[in-house]
Amino acid sequence: MIRKRIFRSFVFLMIGFSLVACDKTPPNGNNNNNSKAPVTGTLEVEFRIPGSFLPPNRVLRADLSVAVDAEHLYKGHFFYVANVYNNKLMYQITLKPGNYYYQAGIVCIAGGDSCSAAGFPGGQFGVKWAIGTAQVNANEITHVVPQFTQ
Amino acid sequence: MFFGSDNLFLRVFLVPFEWNCEEIKLVDMANGLIRNYLYKGIIILGTTCMVLSSCSTEIDINAPNQNVPIVYCILNDADSVQYVRLQKTYLVDQAAISTPPEADSLYFPGEIQISLERWENGRPVQTVQFEPTYDVPKDSGFFPVEKHMVYKAHVKILPMKTYYLYVYIKDKEEVLFAETTTLGHMTVTDPLDLKQRKIALNIGENYICRWQPVENAGIYQIGIRLNYLETVDGVTVAKSLDMPQSFTNPVTNIDYLTRVISGSRFIHIISEQLKPIPGVVREVQNLDFYFITGGKEIKYYIESTAPSEGALIEKPVYSNFNNGLGLFSSSARADIKGLYLANTTLDSIAYSQLTNNLGFLDHNGDRDSSNICSNQ
Numbered sequence: 001m002i003r004k005r006i007f008r009s010f011v012f013l014m015i016g017f018s019l020v021a022c023d024k025t026p027p028n029g030n031n032n033n034n035s036k037a038p039v040t041g042t043l044e045v046e047f048r049i050p051g052s053f054l055p056p057n058r059v060l061r062a063d064l065s066v067a068v069d070a071e072h073l074y075k076g077h078f079f080y081v082a083n084v085y086n087n088k089l090m091y092q093i094t095l096k097p098g099n100y101y102y103q104a105g106i107v108c109i110a111g112g113d114s115c116s117a118a119g120f121p122g123g124q125f126g127v128k129w130a131i132g133t134a135q136v137n138a139n140e141i142t143h144v145v146p147q148f149t150q
Numbered sequence: 001m002f003f004g005s006d007n008l009f010l011r012v013f014l015v016p017f018e019w020n021c022e023e024i025k026l027v028d029m030a031n032g033l034i035r036n037y038l039y040k041g042i043i044i045l046g047t048t049c050m051v052l053s054s055c056s057t058e059i060d061i062n063a064p065n066q067n068v069p070i071v072y073c074i075l076n077d078a079d080s081v082q083y084v085r086l087q088k089t090y091l092v093d094q095a096a097i098s099t100p101p102e103a104d105s106l107y108f109p110g111e112i113q114i115s116l117e118r119w120e121n122g123r124p125v126q127t128v129q130f131e132p133t134y135d136v137p138k139d140s141g142f143f144p145v146e147k148h149m150v151y152k153a154h155v156k157i158l159p160m161k162t163y164y165l166y167v168y169i170k171d172k173e174e175v176l177f178a179e180t181t182t183l184g185h186m187t188v189t190d191p192l193d194l195k196q197r198k199i200a201l202n203i204g205e206n207y208i209c210r211w212q213p214v215e216n217a218g219i220y221q222i223g224i225r226l227n228y229l230e231t232v233d234g235v236t237v238a239k240s241l242d243m244p245q246s247f248t249n250p251v252t253n254i255d256y257l258t259r260v261i262s263g264s265r266f267i268h269i270i271s272e273q274l275k276p277i278p279g280v281v282r283e284v285q286n287l288d289f290y291f292i293t294g295g296k297e298i299k300y301y302i303e304s305t306a307p308s309e310g311a312l313i314e315k316p317v318y319s320n321f322n323n324g325l326g327l328f329s330s331s332a333r334a335d336i337k338g339l340y341l342a343n344t345t346l347d348s349i350a351y352s353q354l355t356n357n358l359g360f361l362d363h364n365g366d367r368d369s370s371n372i373c374s375n376q
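Chains as they are written, first to last, in the working numbering: chain A, 1 to 150; chain B, 1 to 376.
It is worth saying that the hints were derived from the structure and are not from the lab.
Ideal placement from N, C-alpha and C gives every residue a C-beta, glycine not left out.
Errors might be hidden in some of the hints.
[Said to hold, decoys possible] Here are the computed lysine-lysine pairs in the DSSO-like style, where the Cα-Cα straight-line distance is at most 27 Å:
(1) Lys88(A) with Lys156(B)
(2) Lys195(B) with Lys172(B)
(3) Lys147(B) with Lys75(A)
(4) Lys147(B) with Lys88(A)
(5) Lys275(B) with Lys239(B)
[What the hints assert, rightly or not] One side only, chain A facing chain B, incomplete, derived with CB under 7 Å:
(6) Ala62
(7) Phe78
(8) Val81
(9) Tyr85
(10) Val107
(11) Val127
(12) Gln135
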């Protein structure tokens, strides 16, 4: 009887160990419960190139940058600069909720005085800028379309 | 006593028919003695040879060197000068593995004639002769550097044409030849050679390169080069850091090919390749992109020399030369140089955890991180 009890106790003990070993829940690694992902929103920029009398592919996207306020934007202290492409229209930027300033630039590469006639300062390789603000809210997509002067 | 007589010795082997029985018996006795001596001699000689040869533990596993010609020629359509490298195989024993061979053991002596032919409509329309030159510096390494001979010819390579390369080696009385078809033009879409468009390569921010497929291409590779100034003790030196990307295979029926350049890898390579130097000041200048494509022969050659992944340990090295070994193919390239990096990338290089000890200046041209904006 005693042997049976000892054997049963041993079996129960081993089952207990095996259940503990099967627990895949990671232990709390002293992160003070800060493992939550930061709350973010999305700024979606529809980077359209305005139509003009210039031939196609003579006005290209040049820049898309985001700053925390107007002063940083003016000084060129951006916290995000996007890689812009000819074939990409929509640019999505994940940000903390808040108000942001963005700038978008288009460059004219046409020859002659076409760029000057189209209002690009300095003629060929001149850049037009569009600046705006956007309010980014948590778990939302804020859609903006930069507007360039003609 | 029989060996002392020349006549009898001859008679042993040329027995005349007119001899009598006494003479024949005498000759038989002589033959028996000679056979006896010969058998003994053969047994002693054989045993001695076996004993002596069995004492040697060295086995010569190398076959005699046959001086096989090896030719490399990659036609470059972006250059007006083409080069051919001609060498020969050599044999080096284990004891000399750390000692570079003599330069003479790599080159064929005597007359060498190398010519390149462009064919159109089944006949040659242009022939160019190559001349030896020593003006290409060779990197240091196992092979001799004091005499690095290649052959060069001034010729502009046309796209989508068939070329033949002939190599005549008088010393071996052999003609090697190979054929290739040159590639089409390479057109890069991204990045454009546009200084107003900044390149952002940060942790989490990648750059996507795009280019149009090249006709006859077998393989593509992109490389980027970070150009920077390094100032140590008041002395400024222009330096660069090359970051070749992995190969891209051509895909049919597609308008554009793409290769993503990882921003995280970009920062990691800078931290791995550059060493912190006390007092050093580094300033990023710009970034160059290199788009290189090679013919199918280059693809096969690279695949044949790549490490084996399967059970087949040793793969045969690809060669498209007749009567020799080597590679004759063509390449095309497009370089986009001097693109500027985005301010955020400059700040990342200056202050990221991986690279903040390398002395890079931020986008303001200083090391003051208080005026750097972050959304973190």
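Provide an ascending list of the numbers of those earlier hints which the structure does not satisfy. 1, 2, 3, 4, 12
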